[in-house]
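Next come the chains, spelled out residue by residue.
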Amino acid sequence: MKSAATTLPSNITRANGTLRHLLTLEDLPRATLESLLDDAERFVRPLSSPPARTNSLAGVTVANLFTEPSTRTRVSFELAARRLGADVVNLEVQLSSRTKGESMLDTIFTLQACHVDVFVIRDSEVGVLRLVANNVEPHVSVLSAGEAHLSHPTQGLLDMLTIRHHKPNFEKLGVAIVGDIRHSRVARSAWIALRTLGVTDIRIVAPAALMPDADQFSGCQRVESIEAGIAGVDVVMMLRIQKERMQSAAVPDAEDYFSEYGLSAARLACAKPDAIVMHPQPMNRGIEISSEVADGPQSVIREQVSNGVAVRMAVLETIVAGR
Amino acid sequence: MKSAATTLPSNITRANGTLRHLLTLEDLPRATLESLLDDAERFVRPLSSPPARTNSLAGVTVANLFTEPSTRTRVSFELAARRLGADVVNLEVQLSSRTKGESMLDTIFTLQACHVDVFVIRDSEVGVLRLVANNVEPHVSVLSAGEAHLSHPTQGLLDMLTIRHHKPNFEKLGVAIVGDIRHSRVARSAWIALRTLGVTDIRIVAPAALMPDADQFSGCQRVESIEAGIAGVDVVMMLRIQKERMQSAAVPDAEDYFSEYGLSAARLACAKPDAIVMHPQPMNRGIEISSEVADGPQSVIREQVSNGVAVRMAVLETIVAGR
Amino acid sequence: MKSAATTLPSNITRANGTLRHLLTLEDLPRATLESLLDDAERFVRPLSSPPARTNSLAGVTVANLFTEPSTRTRVSFELAARRLGADVVNLEVQLSSRTKGESMLDTIFTLQACHVDVFVIRDSEVGVLRLVANNVEPHVSVLSAGEAHLSHPTQGLLDMLTIRHHKPNFEKLGVAIVGDIRHSRVARSAWIALRTLGVTDIRIVAPAALMPDADQFSGCQRVESIEAGIAGVDVVMMLRIQKERMQSAAVPDAEDYFSEYGLSAARLACAKPDAIVMHPQPMNRGIEISSEVADGPQSVIREQVSNGVAVRMAVLETIVAGR
Chain B
252 MKSAATTLPS NITRANGTLR HLLTLEDLPR ATLESLLDDA ERFVRPLSSP PARTNSLAGV
312 TVANLFTEPS TRTRVSFELA ARRLGADVVN LEVQLSSRTK GESMLDTIFT LQACHVDVFV
372 IRDSEVGVLR LVANNVEPHV SVLSAGEAHL SHPTQGLLDM LTIRHHKPNF EKLGVAIVGD
432 IRHSRVARSA WIALRTLGVT DIRIVAPAAL MPDADQFSGC QRVESIEAGI AGVDVVMMLR
492 IQKERMQSAA VPDAEDYFSE YGLSAARLAC AKPDAIVMHP QPMNRGIEIS SEVADGPQSV
552 IREQVSNGVA VRMAVLETIV AGR
Chain L
252 MKSAATTLPS NITRANGTLR HLLTLEDLPR ATLESLLDDA ERFVRPLSSP PARTNSLAGV
312 TVANLFTEPS TRTRVSFELA ARRLGADVVN LEVQLSSRTK GESMLDTIFT LQACHVDVFV
372 IRDSEVGVLR LVANNVEPHV SVLSAGEAHL SHPTQGLLDM LTIRHHKPNF EKLGVAIVGD
432 IRHSRVARSA WIALRTLGVT DIRIVAPAAL MPDADQFSGC QRVESIEAGI AGVDVVMMLR
492 IQKERMQSAA VPDAEDYFSE YGLSAARLAC AKPDAIVMHP QPMNRGIEIS SEVADGPQSV
552 IREQVSNGVA VRMAVLETIV AGR
Chain X
252 MKSAATTLPS NITRANGTLR HLLTLEDLPR ATLESLLDDA ERFVRPLSSP PARTNSLAGV
312 TVANLFTEPS TRTRVSFELA ARRLGADVVN LEVQLSSRTK GESMLDTIFT LQACHVDVFV
372 IRDSEVGVLR LVANNVEPHV SVLSAGEAHL SHPTQGLLDM LTIRHHKPNF EKLGVAIVGD
432 IRHSRVARSA WIALRTLGVT DIRIVAPAAL MPDADQFSGC QRVESIEAGI AGVDVVMMLR
492 IQKERMQSAA VPDAEDYFSE YGLSAARLAC AKPDAIVMHP QPMNRGIEIS SEVADGPQSV
552 IREQVSNGVA VRMAVLETIV AGR
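Protein chains in written order, with the numbering used here: chain B, 252 to 574; chain L, 252 to 574; chain X, 252 to 574.
Because the hints were derived from the structure by calculation, they are not lab data. Each hint should be verified, as a subset may be incorrect.
Copies of the same chain look alike in the list, so a pair counts if it fits in one copy or across any two.
Stated by the list, open to error - Here are the simulated SDA-like pairs of lysine to any residue, each with C-alpha atoms no more than 25 Å apart in a straight line:
no.: 1; residue 1: LYS351; residue 2: MET534
no.: 2; residue 1: LYS418; residue 2: ARG296
no.: 3; residue 1: LYS418; residue 2: LEU448
no.: 4; residue 1: LYS351; residue 2: SER469
no.: 5; residue 1: LYS351; residue 2: SER515
no.: 6; residue 1: LYS494; residue 2: GLY268
no.: 7; residue 1: LYS523; residue 2: ALA309
no.: 8; residue 1: LYS494; residue 2: THR305
no.: 9; residue 1: LYS351; residue 2: ALA516
no.: 10; residue 1: LYS494; residue 2: THR318
Working from the sequences, and respecting the hints, build out all of it.
Below is the structure:
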């Protein structure tokens, strides 16, 4: 199964064909992606059961290196690594943007010299993660925890694991991604993963100002009305809207945004009756989604979080196992 | 012994009568409170000996979730949980006060979905902890590390453990609580615990502006003069004064506060000769208490800290054992 | 070998002659210093091998207490302690400078009462570490992670370990320390260690305004020109320059500083052909050192970092073993 990985670009795989870094889902063949989902499945446990634990990362040191704060994502990665038996250190570093690349590399070299084996990195700028991956020692792996507006691969994987659990037949799905597509790494990673898994009906739903440039999200249908956008879909993926984006979207305040793009129960009725509702969190309740929907029977939002830890365990185990 | 807990309100106990959450000492029957003190006693060790350790929380994940910074209290809870074998994650989160309840619940649901079993929460607003306790899954427990001006139950327990060690006969004690009673969760939890254990002579000593409203601290004697307040008592519990409170107390500066309400050695002579002196820390030396007293032979302040870890171990073990 | 320690001042050693605190390298006899280097050597591992691990600090609690932020140094100490099996807690505390000593002591007493055995402390003021060491319980040790401009003993040790690896014959070495000597604890600890190990040709190289007072760095040659300063040396130790210091050095901007005091490849040619280049990090590339040199074949900067973890393991093990 892992042999499919031999077709990956060499900066992501090792000479032996195993997955080394995970910076994006872009070049990941379907077999590799599905293999990661299968691996993750083994780590999923019901909420009331103890979490899955192994010792497969015993002796491995993982550094969570976040240059933008995100406590929840950091904890998800931290618990994933520790439940595999790894040593984990957390760092929140502010790097001057003028010398970002250099400072990041020097920080990485310092940690690498302390025998850190895996870097989990979140960064707000395009390219810094790739720069790190291209410069670390051969035994070191880099795992993206979010890169600018570009990529959030473990979020993409956990979204796919969640969808697969409810709607295993990807080829026949209709999926709507709704909100600030333009600035969303969550949307980009979901779009790539959905295409890789064979989804053909993908719609991006946003006000014109929050639509991505025309050369992006190829193969997606662009819809400006949320009702039309989610009509008949199986999956509604809501995105978080930043307050500062609402004005550029020509919606002056939260109430206006909700009335134009928020997912209310009434609107959700446009989707299939058994459609599932997703959100990457944290939610702006009453802005992009109503509490009735967020906490309602079609919501799988908390399941996404659980799947997040499972997916991160699978990815960590996979990239370390191939060494 | 634990059967006494069957009289607790159902939102604190489980169907089997065991303690599930600890948000306040208010509804805790005397037998339950004493049982927790007995449990804590088993974890007390002399300073120069290794700390007590068990494996009773192996496999349990504890999240320390503080919305107001308190490094020392966080470390006390962290060490307590780790010395019981738990996995511990620390989070300091800033939640917008406008959407505090919602944001807190979403954060909690996220962590709960990551298989966090116990939440240790400090929050500056009344009611958020209760909201969390009312909404978590049945296998999850909530433990207050301080709620607004209202409640600090493990502080109340550690204070009782400390008093009991020196003055086991609670019915005959005279106790003075001195300082900013009005805004103090430490004072409220101490008052409740003292009453539960049968203390009848409790005095709250403060300038008029820092006295609580008339309907609060029932059964306490209110005294504005510190000399009169501590006259003949067995226990003097000093509170921390915030600088911003001094003016409202009509004392313009630190020196004035000390001369009117500070515990000097001369003043301490008003209490019984073997009276003990307590303080929840951090102390403003020279403001509410002189260094001579804080470090003197009647001070049990450092003993309080040691007892704090023991009490937190006892509470954590108790709420997890009942699952 | 450890018997040499019996000549240490009593506030650093225990009655049995073993090393208890490490606050400075000043009073450390050569045999003790060399013994620490030998111990550290045992913990050095190639980058691609797993790090050294022991269980010699099992049951010991180490607190990293930093009053000035330094993520990298904190991680180095954290990994060192954890790889010896210790429990580690991290605290970043802001202490009001007016009551610094008192607040620090109360924080220490609190942690000590929580059964913390070893304090790793970084502080910006002279004397606070000594105050702590003089006041903790007999079973407790204090380890400096940097004190004001005065002392950074583990940095001094890791620098010596690095030099010894490449140039074992200290008596015959020429060493230049270049940059903001005046404000540098790194320079002071290096100078003391170099003298202890028998180096006679030590040069401090800086603009007049960044030279230390005349009564400091005795036995060093003072040179204002970098070319003259590094001429024929075996070791070039570069220091980090703070931007705010450049003006007092009469160099208005980064480019000017580099042209006057930066280590370029051209300048490095003034040193011996096999001279090694060191830097305590973080580097200002293009200001005090060019990237060509920092990443060049003579640079041992990353080796310094690896040696840092090994040295911290050795010191932690030594101070705990003597109890």
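**Item:** Intra- versus inter-copy proximity for SER469 and LYS351 (alpha-carbon distance at most 25 Å)
**Value:** neither (31 Å within a copy, 39 Å between copies)
**Request:** Using 25 Å as the alpha carbon limit, work out where LYS418 and LEU448 are close: within a copy, between copies, both or neither.
**Result:** within (12 Å within a copy, 58 Å between copies)
**Prompt:** Within a copy, between copies, both or neither: where do LYS494 and THR318 come within 25 Å Cα-Cα?
**Reply:** both (21 Å within a copy, 22 Å between copies)
**Item:** LYS523 and ALA309: within-copy, between-copy, both or neither at 25 Å Cα
**Value:** neither (46 Å within a copy, 44 Å between copies)
**Identical-chain pair category, LYS351 with SER515, by Cα at 25 Å** = Between copies only: 22 Å across, 42 Å inside.
**Prompt:** Can you tell me if LYS351 and ALA516 fall within 25 Å by alpha carbon in one copy, between copies, both or neither?
**Reply:** between (44 Å within a copy, 24 Å between copies)
**Request:** Using 25 Å as the alpha carbon limit, work out where LYS418 and ARG296 are close: within a copy, between copies, both or neither.
**Result:** Within one copy only: 19 Å inside a chain, 49 Å across chains, cut-off 25 Å.
**Message:** For LYS494 and GLY268, with the copy left unspecified, which applies at a CA distance of at most 25 Å: within, between, both, or neither?
**Reply:** neither (44 Å within a copy, 46 Å between copies)
**Prompt:** What label fits LYS494 with THR305 when the C-alpha limit is 25 Å: within, between, both, or neither?
**Reply:** Neither. Shortest intra-copy (41 Å) and inter-copy (48 Å) distances fail the 25 Å Cα cut-off.
**Item:** Status of MET534 relative to LYS351 across identical chains (alpha carbons, at most 25 Å)
**Value:** between (30 Å within a copy, 13 Å between copies)
Hint violations for this structure: numbers 4, 6, 7 and 8, all remaining hints satisfied.
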